[in-house]
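> Starting from the structure of chain S, add chains Z, C and F where the hints point.
4 protein chains.
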Amino acid sequence: MTELDVAQLQRRLAEFAAARNWQRYHTPKNLVAALSVEASELVEIFQWLTPEESARVMSDAKKASRVTDEVADVLAYLLQLCEVLDIDALAALSAKIDRNEERFPVGQGPGAGD
Amino acid sequence: MTELDVAQLQRRLAEFAAARNWQRYHTPKNLVAALSVEASELVEIFQWLTPEESARVMSDAKKASRVTDEVADVLAYLLQLCEVLDIDALAALSAKIDRNEERFPVGQGPGAGD
Amino acid sequence: MTELDVAQLQRRLAEFAAARNWQRYHTPKNLVAALSVEASELVEIFQWLTPEESARVMSDAKKASRVTDEVADVLAYLLQLCEVLDIDALAALSAKIDRNEERFPVGQGPGAGD
Amino acid sequence: MTELDVAQLQRRLAEFAAARNWQRYHTPKNLVAALSVEASELVEIFQWLTPEESARVMSDAKKASRVTDEVADVLAYLLQLCEVLDIDALAALSAKIDRNEERFPVGQGPGAGD
Numbered sequence: 001m002t003e004l005d006v007a008q009l010q011r012r013l014a015e016f017a018a019a020r021n022w023q024r025y026h027t028p029k030n031l032v033a034a035l036s037v038e039a040s041e042l043v044e045i046f047q048w049l050t051p052e053e054s055a056r057v058m059s060d061a062k063k064a065s066r067v068t069d070e071v072a073d074v075l076a077y078l079l080q081l082c083e084v085l086d087i088d089a090l091a092a093l094s095a096k097i098d099r100n101e102e103r104f105p106v107g108q109g110p111g112a113g114d
Numbered sequence: 001m002t003e004l005d006v007a008q009l010q011r012r013l014a015e016f017a018a019a020r021n022w023q024r025y026h027t028p029k030n031l032v033a034a035l036s037v038e039a040s041e042l043v044e045i046f047q048w049l050t051p052e053e054s055a056r057v058m059s060d061a062k063k064a065s066r067v068t069d070e071v072a073d074v075l076a077y078l079l080q081l082c083e084v085l086d087i088d089a090l091a092a093l094s095a096k097i098d099r100n101e102e103r104f105p106v107g108q109g110p111g112a113g114d
Numbered sequence: 001m002t003e004l005d006v007a008q009l010q011r012r013l014a015e016f017a018a019a020r021n022w023q024r025y026h027t028p029k030n031l032v033a034a035l036s037v038e039a040s041e042l043v044e045i046f047q048w049l050t051p052e053e054s055a056r057v058m059s060d061a062k063k064a065s066r067v068t069d070e071v072a073d074v075l076a077y078l079l080q081l082c083e084v085l086d087i088d089a090l091a092a093l094s095a096k097i098d099r100n101e102e103r104f105p106v107g108q109g110p111g112a113g114d
Numbered sequence: 001m002t003e004l005d006v007a008q009l010q011r012r013l014a015e016f017a018a019a020r021n022w023q024r025y026h027t028p029k030n031l032v033a034a035l036s037v038e039a040s041e042l043v044e045i046f047q048w049l050t051p052e053e054s055a056r057v058m059s060d061a062k063k064a065s066r067v068t069d070e071v072a073d074v075l076a077y078l079l080q081l082c083e084v085l086d087i088d089a090l091a092a093l094s095a096k097i098d099r100n101e102e103r104f105p106v107g108q109g110p111g112a113g114d
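Protein chains in written order, with the UniProt record's numbering: chain S, 1 to 114; chain Z, 1 to 114; chain C, 1 to 114; chain F, 1 to 114.
Heads up, none of these hints are tricks.
Derived DEER-like restraints, expressed as beta-carbon distance ranges: (1) F:E52 <-> C:A64: 35 to 43 Å; (2) Z:S65 <-> F:A18: 33 to 41 Å; (3) Z:Q8 <-> C:A91: 45 to 53 Å; (4) C:A91 <-> F:D86: 22 to 30 Å.
Output of the computed footprint for chain F on chain C, the stretches with three or more beta carbons under 8 Å from beta carbons of chain F: (5) 27-37; (6) 93-104.
To be clear, the hints were calculated from the coordinates, so they are not data collected in a lab.
Where is the CB? At the ideal position from N, CA and C, for every residue including glycine.
Isolated chain S (complex conformation):
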């Protein structure tokens, strides 16, 4: 079995868009808008839930499927953005964690990734 990797998925997304001649829609500006719309579709699932209900969301099969689907959509647009801007998402995140380990010494309030 082939292990899934990000580079391979990013390539499949690029080929998918190219085959449909959608690249002209895929300006960075449009892709970040689409990314934010998908992120909001995740928020929509949780907007009226209490924190406790939100922690149990995956025990409802229908909601679990929606959440998983929106996670895929967010990742899809993030990787398509990285494709058109030639950003290495994993290297960017690794560098960011390195910086956050310096910026937020153990023993402080939240904000990782802010």
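Quick look at chains Z, C and F alone, frame taken from chain S:
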């Protein structure tokens, strides 16, 4: 050289949060809110740009750095969400691309990932 | 004919929520999430449009109706937020314009309201 | 004392943009992006708060000021969008409340404005 992979970054993020006792903030509801906020910080960089200017964003070193940083933030919250909900982001995306290949036969308008 | 005013619409929204016992859902945190979701539904309408197409959006009756509907939703959640936090939205905006007139002297780049 | 009204604020915003020659930035597409960014800045204030903490946000003077400021920003972009698209925001909301009163009879779950 060790290749970066998603599972390893997700683990580093989980350890980062655990070491700082931030898990209590990391309800799914809060993480999707944080994810959408980071996605909007990407949108903010592009909001007044023309499509053409948006395509050249990486040639401005300061903007390139901001974009890369926000990409890292979006991915960080997405993986933290996947951690607390036990979602395999790459498998979710792979399954989504499979479905989209059926749903959007070659020769139609945009919407991959919708 | 009675002219519509914001205070009256805000009161109708409050009565609407009270009659349905929805106030328990209307924490400020939930209302800002709902507001951002509705704002993203506006973005979704425009995400693949060129600037020129976006300027003509109201000439398509179906899209015009969607845009108008989402504008109403954004305003609804904004006023419900103002209701629970006791914020006077119009006074806040008036004060903000005053400040922006000082902050952005005539002859500069965009950002009003930033 | 002159009472503030929406039409007057909308006119001030339009004159503000015109005086600075910012109308070229104010495509509907850009304005909805800016609106969603401001809505997310509201979310950011609340993202790590519990529901109870969120209900007390106005008792912290600094946070109260930030919230009020972001409310003004959201309203500013909403009215600028209504200006360029010739939408009457109050009439749109009034019509929406009428429809929601039919759509959500007293005694159901949340979703006003959805």
